[in-house]
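**Q** As a plain string of letters, each chain reads:
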Amino acid sequence: MKLMLNMTINNEKISVEIEPDSRLLDVLRDDLGLLGTKEGCGVGECGACTVIIDGKTANSCVTLAASMEGCDIKTIEYLSKNGKLHPMQKSFIDNSALQCGFCTPGFVLSGVNLLERNPNPTEEEIKEGISGNICRCTGYEQIVKAVEDVRDEKYIKDGACDE
Amino acid sequence: MLNYFRPKTIKECLECITDDRVYIAGGTDLLVEMRNGHDLSKKTLIDLSHIPELKGVKKIDGGLEIMACTSHDDLVLNKDVNKSLKVLSDACRTVGSPQIRNMGTIGGSIGTASPASDPMPALMLADGSAVIINKKGEIREEKLEKFVVKPGITTLKNDELILSVKVKSLEDYKQSFFKIGRRKALAIARLNFAMAILKNKDNTIKDIKIVVGAALPVTKRFYDIEKQLIGKKLTEKIIEKISKDISDQVLEIAGPRKSSEYKIPVIKNIISRMLKDMEV
Ligand code: FES
Ligand code: FES
Numbered sequence: 754m755k756l757m758l759n760m761t762i763n764n765e766k767i768s769v770e771i772e773p774d775s776r777l778l779d780v781l782r783d784d785l786g787l788l789g790t791k792e793g794c795g796v797g798e799c800g801a802c803t804v805i806i807d808g809k810t811a812n813s814c815v816t817l818a819a820s821m822e823g824c825d826i827k828t829i830e831y832l833s834k835n836g837k838l839h840p841m842q843k844s845f846i847d848n849s850a851l852q853c854g855f856c857t858p859g860f861v862l863s864g865v866n867l868l869e870r871n872p873n874p875t876e877e878e879i880k881e882g883i884s885g886n887i888c889r890c891t892g893y894e895q896i897v898k899a900v901e902d903v904r905d906e907k908y909i910k911d912g913a914c915d916e
Numbered sequence: 046m047l048n049y050f051r052p053k054t055i056k057e058c059l060e061c062i063t064d065d066r067v068y069i070a071g072g073t074d075l076l077v078e079m080r081n082g083h084d085l086s087k088k089t090l091i092d093l094s095h096i097p098e099l100k101g102v103k104k105i106d107g108g109l110e111i112m113a114c115t116s117h118d119d120l121v122l123n124k125d126v127n128k129s130l131k132v133l134s135d136a137c138r139t140v141g142s143p144q145i146r147n148m149g150t151i152g153g154s155i156g157t158a159s160p161a162s163d164p165m166p167a168l169m170l171a172d173g174s175a176v177i178i179n180k181k182g183e184i185r186e187e188k189l190e191k192f193v194v195k196p197g198i199t200t201l202k203n204d205e206l207i208l209s210v211k212v213k214s215l216e217d218y219k220q221s222f223f224k225i226g227r228r229k230a231l232a233i234a235r236l237n238f239a240m241a242i243l244k245n246k247d248n249t250i251k252d253i254k255i256v257v258g259a260a261l262p263v264t265k266r267f268y269d270i271e272k273q274l275i276g277k278k279l280t281e282k283i284i285e286k287i288s289k290d291i292s293d294q295v296l297e298i299a300g301p302r303k304s305s306e307y308k309i310p311v312i313k314n315i316i317s318r319m320l321k322d323m324e325v
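So the sequences go chain by chain: A and B.
Using our numbering, read the first sequence as starting at 754 and increasing by one per residue.
Using our numbering, read the second sequence as starting at 46 and increasing by one per residue.
Among the hints, erroneous ones may be present.
To be verified - Calculated cross-link-like contacts (lysine to aspartate or glutamate; reagent style EDC-like; alpha-carbon spacing at most 16 Å):
(1) B:K88 with A:D774
(2) B:K53 with A:E772
(3) B:K87 with A:D774
(4) B:K87 with A:E772
(5) B:K272 with B:E297
Just so you know, these hints were derived from the structure itself, not from any lab.
With the rest of the complex left out, here is chain A (with noise of 0.2 Å):
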């Protein structure tokens, strides 16, 4: 039984020929080619697989892809506009906030989707609004400051950042 998964995902309407029991992870992966969103644990823990569903995050490794239909999906590959980082890609970069990078595309998701929910988070905030990301190899710490540095508005707005 194959089934047409009608979704937005990064501002694109796609229709896309999936089976019932697909993952969102594999269909963005395999059918759609956007890589920018990572396979980790495979079972909801390590959050590199990350995406934002209608305003949230979610782990699209524990997502039916079928339960998408009418969703509005943000990947990674959303947030650079005409070859500019967004703010929050920025500011990884600038605080070393990434060594390998496999876990890099679900923290940048989970920092921006955060301060799109709360603007404005205390150090905790941020602590528990990545919590659900887990990285190897950094040590959170500048992290979590790369998201301040967001918050603080040491980028300018609207994702467009000047070389």
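Dock chain B with the ligands against the given chain A, drawing on the hints supplied.
**A** Quick look at chain B with the ligands alone, frame taken from chain A:
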């Protein structure tokens, strides 16, 4: 072949129910099971995520009705829940991670009957009962203590669907939730507790409710101990006695295990600390 349905109303959903039905709401548990080999290929998968009637919190006489597909995050934020049953939003705030809270639902957390459920102690504290509808449209209500039979097993029959959970308002009570997990974030509860207390003017106990979760195979309200406390004051001596009685009972029910040596004194200390904190 896997059959998949995505009903838009409860009525449509009931029509889809077959003997081999498997429900999916947030997916946070089912997709992990699928990865672990749970074979759905010959099943009927019913997707509950597109039924607006199954979402949200309604005020009912003396309490709230929480529809089954309401997410943990919605309960953290919901004004009525924060007002009438703060302990439930506190419990939901400790579930999984932000991502899991956004997707996971209250119905899922009851339906899977995981002993580590965080909302469960808070729901039982508020005399929670599951509201269940069957394929014929008949509705039954069952206290959560009865509904959860043992880990992973509930009384839900194949032709039934969880509609909601009804809870009493504990607005006038002092409420408290406490959890110990392995890691702060993502912690799956190893021990969790919920309590509520209502005092008379003279500081004696008018009503008290005590629930112990994750330490036990099935979350438990300590009705017998609660009853003994009505009319008493929470003196040091009484607190000492209750916390000992409860931890003894936990040991008796859960049976001695390797972890008991650690868990039992911790349970005793936490209960005594929670009671003391509610005293001030
Ligand atoms: S890959 Fe999805 S949470 Fe780890
Ligand atoms: S940078 Fe390597 S896992 Fe985070």
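**Q** Now look at each hint and say whether the structure bears it out.
**A** Okay, the hints, checked on the actual structure:
| no. | hint | verdict |
| --- | --- | --- |
| 1 | B:K88 with A:D774 | holds, 11 Å |
| 2 | B:K53 with A:E772 | violated, 20 Å |
| 3 | B:K87 with A:D774 | holds, 12 Å |
| 4 | B:K87 with A:E772 | holds, 14 Å |
| 5 | B:K272 with B:E297 | violated, 20 Å |
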